[in-house]
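J.: Chains A and B are the protein sequences, given in the same order. If you count by my numbering, then the first sequence holds residues 13 to 349, one letter each, in order. If you count by my numbering, then the second sequence holds residues 13 to 349, one letter each, in order.
The hints are simulated quantities; they were obtained by calculation from the structure and are not laboratory data. Errors might be hidden in some of the hints.
A pair holds if it fits inside one copy or across any two, identical chains being indistinguishable in the list.
DSBU-like cross-link-like pairs, simulated, lysine-lysine; straight-line CA separation at most 35 Å [unchecked claim]:
| no. | residue 1 | residue 2 |
| --- | --- | --- |
| 1 | Lys260 | Lys62 |
| 2 | Lys334 | Lys70 |
| 3 | Lys179 | Lys334 |
| 4 | Lys62 | Lys281 |
| 5 | Lys281 | Lys260 |
| 6 | Lys296 | Lys62 |
| 7 | Lys49 | Lys179 |
| 8 | Lys303 | Lys62 |
| 9 | Lys303 | Lys260 |
| 10 | Lys260 | Lys122 |
| 11 | Lys334 | Lys296 |
| 12 | Lys49 | Lys303 |
| 13 | Lys193 | Lys62 |
| 14 | Lys281 | Lys193 |
| 15 | Lys334 | Lys281 |
| 16 | Lys244 | Lys49 |
| 17 | Lys122 | Lys281 |
| 18 | Lys122 | Lys179 |
In this text the structure is predicted, and so the values were computed from the model without any measurement.
Protein chains: 2
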Amino acid sequence: MGVVLNLDGKRGAASVASLMDLTADEMARVNELILSKAGSDVELIPELAKHLIDSGGKRLRPMVTLAAAQMFDYEGEGHVKLATSVEFMHTATLLHDDVVDESDLRRGRKTARMIWGNQASVLVGDFLLGQAFRMMVEVGSLDALDILSTAASVIAEGEVLQLSVAKNLETTEDEYLAVIKAKTAALFSAAAEVGPVVAGATRNDRAALRSYGTNLGLAFQLVDDALDYGGKSSDLGKNVGDDFREGKVTLPVILSYRRGSPDERAFWKSAIEDNQCDDAALEKAIGLLHKHGAIGDTIGRARHFGEIARDALAPLRPTPQKDALLDVIDFCISRVT
Amino acid sequence: MGVVLNLDGKRGAASVASLMDLTADEMARVNELILSKAGSDVELIPELAKHLIDSGGKRLRPMVTLAAAQMFDYEGEGHVKLATSVEFMHTATLLHDDVVDESDLRRGRKTARMIWGNQASVLVGDFLLGQAFRMMVEVGSLDALDILSTAASVIAEGEVLQLSVAKNLETTEDEYLAVIKAKTAALFSAAAEVGPVVAGATRNDRAALRSYGTNLGLAFQLVDDALDYGGKSSDLGKNVGDDFREGKVTLPVILSYRRGSPDERAFWKSAIEDNQCDDAALEKAIGLLHKHGAIGDTIGRARHFGEIARDALAPLRPTPQKDALLDVIDFCISRVT
């Protein structure tokens, strides 16, 4: 897979490097805009925002927006604002998620709610969402506004859906896919589609990028789910087991539960529903996941969506941006292989 | 003040009746739209939304939007969507506020967070905000979108500011006004301004309605602050003392604290900062508020902003809508007199 970049502080493959190269100048402007639009006379806001900015996410979503606009020879600055809006929407979601999930750590750092409290996390999330909409309005594209505001509704709807299926081991794979389609894929989809929209590309081009984003988002989430149990390796890495300890029913668990013996199902019930989720239980869970091929099959499902994403872009003329976006699919999958 | 309507289950004056009459048909469509846009296949969402809808707010903000559009002979349906958006923004704010304030009751009913939990309240709030933006986008006015998205940011910023001044008795009147201007007046202001905007009225007309909304909002909040301590009467009504028990530093408290003796200030500190806020303390607090004329002066400040709101509309040609909006100012003040 070439040189391994230390992109997210953990691991990563060179295949996202061309996306980073192509968007480097504009990402510098995105980063400036993030700082300026997270500014406020109310000190708590920039303080909390800085914590989030420093916590070093990949910024994959805004890079996708920028590259998707470049593909169609966009020459204005609207894509920089839209990319920043997308990142703000993502950040607002993380802030609210941490409150909803009562998470103490994210990427190994204390969550904002642990430092500034749930109250500030809810409200600064609301502020960032408001700022995201203001930037979209500045760009002035009603189509882009429609796409991103719809995404905002769908994401929240997906989060509520996730609440209602939480800790339910009988969740089917289809139901789980509906959750992650709303909660994760909708923003990737919107991030990709607003690129051609702001560039005035055709309906077909918009649909291609939308489909790319949706399926990339699904693949991305499923790989994340697999990584949370250590991926293909059965070594316990640093951030392994977070989903397990939070009682999250993700695809590896769904597959393993459905394929398991009555005894195994009883184990999953005690772990997920009754919070019997210590290190010994985690080790046993990982054993069951591998026994039933649940990790490998989750990665297989991710590959499936990755292929759909790849075919979505197939009709588009060859450009460095197209290659870079295709590389991102491989990058996502390669995180786990 | 004329006939007393039992408008909000507590008290109210006839002076809001003409606003209700003028907007009755369109409010029926707003209410339909509220139900349809709060719909979702995720059952929890319409369930929780119905709870909010049934809890019987006045819907003053959407009525202001409708009347403000009628004033300028608007004939489309955009104002109905914008009015619904305004109400959704308000509802989303209430949901998040109850989580932030850890409130158990609102208007004498259990808050959504007490029934469905903080998680659902945060997420359904996010959903309603997303739906609000989608409706605005459907209307297609970038100016209206700008006004309402800016309001969303400003409201959240005001809430964060309130967090940072919370329980601080040294808060000045100016600082407090900055909080309520952001947190309450900004939405009234936006609700009023989008009326002329969607109707294509002049800059001056927009500015007049914006100023009306801001100052009406300030008056409204200050009257609420006074009512929370029983208003001019020193009888303890049903919902009296909520702010006190939550340790909120509102204008009556600010005035009474600043005008008080060292002993009185020590009392306020124990009550607000150390939560010594039982019924005896509340009775003492109300005594101090009256001793220093803090309730009367809070109402005086509200009248001041009410007069500015009145003058803001002065240049506009006489219409039933103008009269109705002027009546709303009296209605607000009359709640406390």
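J.: Run every hint past the structure and note whether it holds.
T.: Here is what the structure says about each hint:
no.	hint	in the structure
1	Lys260 x Lys62	both (29 Å within a copy, 29 Å between copies)
2	Lys334 x Lys70	within (19 Å within a copy, 53 Å between copies)
3	Lys179 x Lys334	neither (39 Å within a copy, 55 Å between copies)
4	Lys62 x Lys281	between (40 Å within a copy, 33 Å between copies)
5	Lys281 x Lys260	within (12 Å within a copy, 44 Å between copies)
6	Lys296 x Lys62	neither (39 Å within a copy, 44 Å between copies)
7	Lys49 x Lys179	between (37 Å within a copy, 28 Å between copies)
8	Lys303 x Lys62	neither (43 Å within a copy, 46 Å between copies)
9	Lys303 x Lys260	within (20 Å within a copy, 57 Å between copies)
10	Lys260 x Lys122	both (20 Å within a copy, 29 Å between copies)
11	Lys334 x Lys296	neither (42 Å within a copy, 71 Å between copies)
12	Lys49 x Lys303	neither (49 Å within a copy, 46 Å between copies)
13	Lys193 x Lys62	both (29 Å within a copy, 26 Å between copies)
14	Lys281 x Lys193	within (25 Å within a copy, 51 Å between copies)
15	Lys334 x Lys281	neither (45 Å within a copy, 63 Å between copies)
16	Lys244 x Lys49	neither (41 Å within a copy, 44 Å between copies)
17	Lys122 x Lys281	both (29 Å within a copy, 33 Å between copies)
18	Lys122 x Lys179	both (24 Å within a copy, 26 Å between copies)
Comparing the model with each numbered hint stated earlier shows that hints 3, 6, 8, 11, 12, 15, 16 do not hold.
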